[in-house]
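Protein chains: 4
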Amino acid sequence: MEPVIVVNLKTYPEASGKSALNIAKIAESIVRETGRKIIIAPPQPDLALICSSVSIPVFSQHVDNVKPGNTTGFVPPEGAKAAGAKGTIINHSEHRLVHADIEELVERCKALGLLTIVCTNNIRVSRATAMFHPDYVAVEPPELIGGNISVTDANPEIVSGTASAIRSVAKGVGILTGAGVKNGRDVAKAIELGTDGVLLASGVAKAKDPRAVLLDLVSGITD
Amino acid sequence: MEPVIVVNLKTYPEASGKSALNIAKIAESIVRETGRKIIIAPPQPDLALICSSVSIPVFSQHVDNVKPGNTTGFVPPEGAKAAGAKGTIINHSEHRLVHADIEELVERCKALGLLTIVCTNNIRVSRATAMFHPDYVAVEPPELIGGNISVTDANPEIVSGTASAIRSVAKGVGILTGAGVKNGRDVAKAIELGTDGVLLASGVAKAKDPRAVLLDLVSGITD
Amino acid sequence: MEPVIVVNLKTYPEASGKSALNIAKIAESIVRETGRKIIIAPPQPDLALICSSVSIPVFSQHVDNVKPGNTTGFVPPEGAKAAGAKGTIINHSEHRLVHADIEELVERCKALGLLTIVCTNNIRVSRATAMFHPDYVAVEPPELIGGNISVTDANPEIVSGTASAIRSVAKGVGILTGAGVKNGRDVAKAIELGTDGVLLASGVAKAKDPRAVLLDLVSGITD
Amino acid sequence: MEPVIVVNLKTYPEASGKSALNIAKIAESIVRETGRKIIIAPPQPDLALICSSVSIPVFSQHVDNVKPGNTTGFVPPEGAKAAGAKGTIINHSEHRLVHADIEELVERCKALGLLTIVCTNNIRVSRATAMFHPDYVAVEPPELIGGNISVTDANPEIVSGTASAIRSVAKGVGILTGAGVKNGRDVAKAIELGTDGVLLASGVAKAKDPRAVLLDLVSGITD
Chain G
600 MEPVIVVNLK TYPEASGKSA LNIAKIAESI VRETGRKIII APPQPDLALI CSSVSIPVFS
660 QHVDNVKPGN TTGFVPPEGA KAAGAKGTII NHSEHRLVHA DIEELVERCK ALGLLTIVCT
720 NNIRVSRATA MFHPDYVAVE PPELIGGNIS VTDANPEIVS GTASAIRSVA KGVGILTGAG
780 VKNGRDVAKA IELGTDGVLL ASGVAKAKDP RAVLLDLVSG ITD
Chain P
600 MEPVIVVNLK TYPEASGKSA LNIAKIAESI VRETGRKIII APPQPDLALI CSSVSIPVFS
660 QHVDNVKPGN TTGFVPPEGA KAAGAKGTII NHSEHRLVHA DIEELVERCK ALGLLTIVCT
720 NNIRVSRATA MFHPDYVAVE PPELIGGNIS VTDANPEIVS GTASAIRSVA KGVGILTGAG
780 VKNGRDVAKA IELGTDGVLL ASGVAKAKDP RAVLLDLVSG ITD
Chain Z
600 MEPVIVVNLK TYPEASGKSA LNIAKIAESI VRETGRKIII APPQPDLALI CSSVSIPVFS
660 QHVDNVKPGN TTGFVPPEGA KAAGAKGTII NHSEHRLVHA DIEELVERCK ALGLLTIVCT
720 NNIRVSRATA MFHPDYVAVE PPELIGGNIS VTDANPEIVS GTASAIRSVA KGVGILTGAG
780 VKNGRDVAKA IELGTDGVLL ASGVAKAKDP RAVLLDLVSG ITD
Chain C
600 MEPVIVVNLK TYPEASGKSA LNIAKIAESI VRETGRKIII APPQPDLALI CSSVSIPVFS
660 QHVDNVKPGN TTGFVPPEGA KAAGAKGTII NHSEHRLVHA DIEELVERCK ALGLLTIVCT
720 NNIRVSRATA MFHPDYVAVE PPELIGGNIS VTDANPEIVS GTASAIRSVA KGVGILTGAG
780 VKNGRDVAKA IELGTDGVLL ASGVAKAKDP RAVLLDLVSG ITD
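Read top to bottom, the protein sequences are chains G, P, Z and C.
FYI, in the numbering used here the residues of the first sequence are 600 to 822.
FYI, in the numbering used here the residues of the second sequence are 600 to 822.
FYI, in the numbering used here the residues of the third sequence are 600 to 822.
FYI, in the numbering used here the residues of the fourth sequence are 600 to 822.
Looking at chain G on its own, in the form it has when it is part of the complex (with noise of 0.2 Å):
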């Protein structure tokens, strides 16, 4: 499977309105120069705008188990599709979701072509998760979630420990790790330890220099 870097922009206003469309054409543009594969995940209300500026993949950051139709303000998987989105994550450790609505969801998310990306906080959930067969399991231990240590400096065990839990249940889902990821060198030991990428959040949506540390990241995926 091909490495992926899921950039989640949350609602930082360092990375909302504007400035969200801004990060997205940085990374497409360095997706065009490298040839890597990279996410964005905008902010909610700039998911259409961003979707019909920019050519690589963007993601909802979050759908709700709702019917469209009488659910002001929610977020439909056909919502994220109509503003353009070619996936979304679901069950974000700041958004979680019901069990069996995460089940729902990905099964409403294939029958509409949305890629999904389901996130867990350990490996036990996680191959409760890949049962479910998404495209992505996307593992983050909550406690390094925004700090400075990555996860595959702090824990590689979980990576490893995921990898092959859900490897063992569900071959052909992919797997990420999260937290605290900052760097090129972060992106390339998650790859050795096992997964198909990473995704990450403050490390790009705060930056200075967005460009730089996407290049930098990039730059941890080898052939």
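Treat the hints loosely; a few may be bogus.
[Unchecked claim] The following label-pair restraints were derived from C-beta to C-beta distances: (1) P:A769 - C:I748: 36 to 44 Å; (2) G:N621 - Z:S763: 46 to 54 Å; (3) G:R784 - Z:N782: 52 to 60 Å; (4) Z:L814 - P:P741: 44 to 52 Å; (5) Z:D808 - C:I748: 42 to 50 Å; (6) P:G793 - Z:E706: 24 to 32 Å; (7) G:R810 - P:A811: 31 to 39 Å; (8) C:P755 - G:G634: 52 to 60 Å; (9) G:A710 - C:P755: 54 to 62 Å; (10) C:K685 - Z:S628: 30 to 38 Å; (11) P:A769 - G:L814: 19 to 27 Å; (12) Z:E706 - G:R766: 50 to 58 Å; (13) C:R766 - G:A710: 27 to 35 Å; (14) Z:K807 - C:P755: 52 to 60 Å.
[Claimed, not checked] Pulled from the structure, derived: some chain P residues nowhere near chain G, Cβ distances all over 12 Å: (15) K617; (16) D663; (17) K666; (18) T671; (19) E693; (20) E706; (21) A710; (22) D752; (23) I790.
No lab work stands behind these hints, which were simulated from the structure alone.
Keep in mind that this is a model prediction, so the values were computed, not measured.
C-beta atoms are modelled at their ideal positions from N, C-alpha and C, and glycine is treated no differently.
Starting from the known structure of chain G, fit chains P, Z and C onto it as the hints suggest.
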């Protein structure tokens, strides 16, 4: 206060993505032709794109009382503003909020210069909500939402009762009503009962000819 | 209105199960000795047992705005009443409720003959809540809850301000305050500032000698 | 594994307060007479009282993944245990939980010596849940809950399919089924399809003669 027609597109497939943009442009052209006031609240993922595409005020359907930053998939008021929104609906009956959060969100929006429409379900809750001094309180009896009979016919007392209850405790707070509102006659009746306009959704969002419906609605506003 | 001391045992291990019963019996004996009024709100699973064991009023810590029946694990007002509760706390800062649900719960409790204490966080929310005419509004500034400084010292203006704000819109609604309340002096000060008593938790629930603490607290009530 | 009948009294008025205690005592007497295994889950406020009144195992209907202490109105596993519960239902379809919380609650309950019954809605979710190794997984198709046709007649494949799916990934996890279960014939069928018993509610909770219904149910268990 100038009467207003607030169109909530909810998450209707007929009013998401390109269709949301289409309805927003129709509303803009009618405002240009008639000089009446229309506010449009598109699906959350379409917010920034529509804000950048039309000159009429565009509102967020919902905001969350969360801080900008580590709040993946939510929409803090700052995120709605960065997307270009001029205001927001708060506490829609399909997306209700904790009491203290309503008060805080009204304050946060005021500080950001975002207009607020807080939804309520009866006279008592409307009067209590008016004490937070949002720009508008919009009363919608839940049992009539999505139905065929306009609140102005089914329960005119709740409309006039809300109007007088709010005026007695909080002058300057605009009053809207909704639920079953479909045409210019309903709009005229709502204004006659003491409101400053209507909040409606399916009547426009699911219309075969949104232009005709919107033209009919604004015809209910007379000098 | 007769001053009251409301003791919320929350879910402290030191005040759950047999320990909850023990504290309730101590409170009962102090009421018998002093003639003062104490209300106790034990952990939810201990409610019926304590109601059947002591003669002082026992309150539920929370009720949910759900129908009795297919609502596994929730506590509708009818369930609290069937367990023997004389009233309930509503919208505690640790278990907040949607605005419209607070209004409905106050109405449902009134119809069942259950007394209501609705918690609030500031003057504005307190005044709005008083318009629902619960038996008591209990204002607790969130930043002081669980701390060592009593709200009556740290922010006496919020106490007196809430008292006068509520009295101006809804005579007959009792006023409580809480956050950091620890002893008889704090109780006396709360009453002096215009309230009808206090709501407290850890001061009693985690006390090594709950009898001594409760005796001290009631000493703050004078004729 | 010894077959079991788990009776969830939900919040039915016919099975709250004194009526809950009455049904628990009937169940206890039937266990004494027949030697079969019955677990009862009363309304949350009745938990401690019923635990102290009967010798059969009493379960909490729900636990929250919160810490004991500042969590007013919630029920942490420690609170259920302090009340005397022997176990708990987790993630009932009427009170669903976030995925990671299910895993943590199973771990917390194990550490406390509380038995766990985790509810699920289909085969895929059941298999994923079994990987958390609760004591029981209870599959209940949502569309059949509260209806008149037993899941064992309406959808025997989901019962046998869940049983074999769970057995293939997690030996030692008990399997229950529910939804529409009413009598001994349904119990016998459930066991025949590979389960270790049933989870039911209204059939007992709303019965005019709970003793007759419970006797009929246990008659479905044969050696």
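So, going through the hints one by one against the coordinates:
1. In this structure the supplied range 36 to 44 Å is violated for P:A769 paired with C:I748, their Cβ-Cβ distance being about 54 Å.
2. With their beta carbons about 51 Å apart, G:N621 and Z:S763 fall inside the hinted range of 46 to 54 Å.
3. One distance hint, 52 to 60 Å for the beta-carbon pair G:R784 and Z:N782, holds here, with the actual separation near 57 Å.
4. Between Z:L814 and P:P741 the CB atoms are about 49 Å apart, so this pair conforms to the stated range of 44 to 52 Å.
5. Between Z:D808 and C:I748 the beta carbon distance is about 59 Å. The supplied range of 42 to 50 Å is therefore violated.
6. Our hint of 24 to 32 Å for P:G793 and Z:E706 holds, since their Cβ atoms are close to 25 Å apart.
7. At roughly 49 Å, the beta-carbon separation of G:R810 and P:A811 lies outside the given 31 to 39 Å, and the hint is violated.
8. For the pair C:P755 and G:G634, the beta carbons lie near 53 Å from each other, so the given range of 52 to 60 Å is met.
9. Distance hint for G:A710 and C:P755: a CB-CB separation of about 27 Å, inconsistent with the stated range 54 to 62 Å.
10. About 32 Å separates the C-beta atoms of C:K685 and Z:S628, a value consistent with the hinted range of 30 to 38 Å.
11. Distance hint check: the CB atoms of P:A769 and G:L814 are about 55 Å apart, inconsistent with the given range 19 to 27 Å.
12. Restraint check, Z:E706 to G:R766: a C-beta distance of roughly 56 Å satisfies the suggested window 50 to 58 Å.
13. About 30 Å separates the C-beta atoms of C:R766 and G:A710, a value consistent with the hinted range of 27 to 35 Å.
14. At roughly 59 Å, the beta-carbon separation of Z:K807 and C:P755 lies within the given 52 to 60 Å, and the hint holds.
15. Its closest Cβ contact with chain G, about 8 Å, brings P:K617 to no more than 12 Å, contrary to its assignment away from the interface.
16. Look at P:D663: its CB is around 9 Å from the nearest CB on chain G, not clear of 12 Å, so calling it non-interface is violated.
17. Listed as outside the interface, P:K666 is inconsistent with that label: its C-beta sits roughly 8 Å from the nearest C-beta of chain G, within the 12 Å cut-off.
18. Not every CB of chain G is more than 12 Å from the CB of P:T671 (nearest about 4 Å), against its label as outside the interface.
19. A cut-off of 12 Å between C-beta atoms contradicts the statement that P:E693 is not in contact with chain G; the least separation is 4 Å.
20. Every C-beta of chain G lies more than 12 Å from that of P:E706, the closest at about 18 Å, which supports listing it as non-interface.
21. Non-interface call for P:A710 relative to chain G: holds, since the shortest CB-CB distance, roughly 14 Å, exceeds 12 Å.
22. Every C-beta of chain G lies more than 12 Å from that of P:D752, the closest at about 21 Å, which supports listing it as non-interface.
23. At roughly 24 Å from the closest C-beta of chain G, the C-beta of P:I790 stays outside 12 Å, upholding its exclusion from the interface.
Of the numbered hints given earlier, the model fails hints 1, 5, 7, 9, 11, 15, 16, 17, 18 and 19; all others are met.
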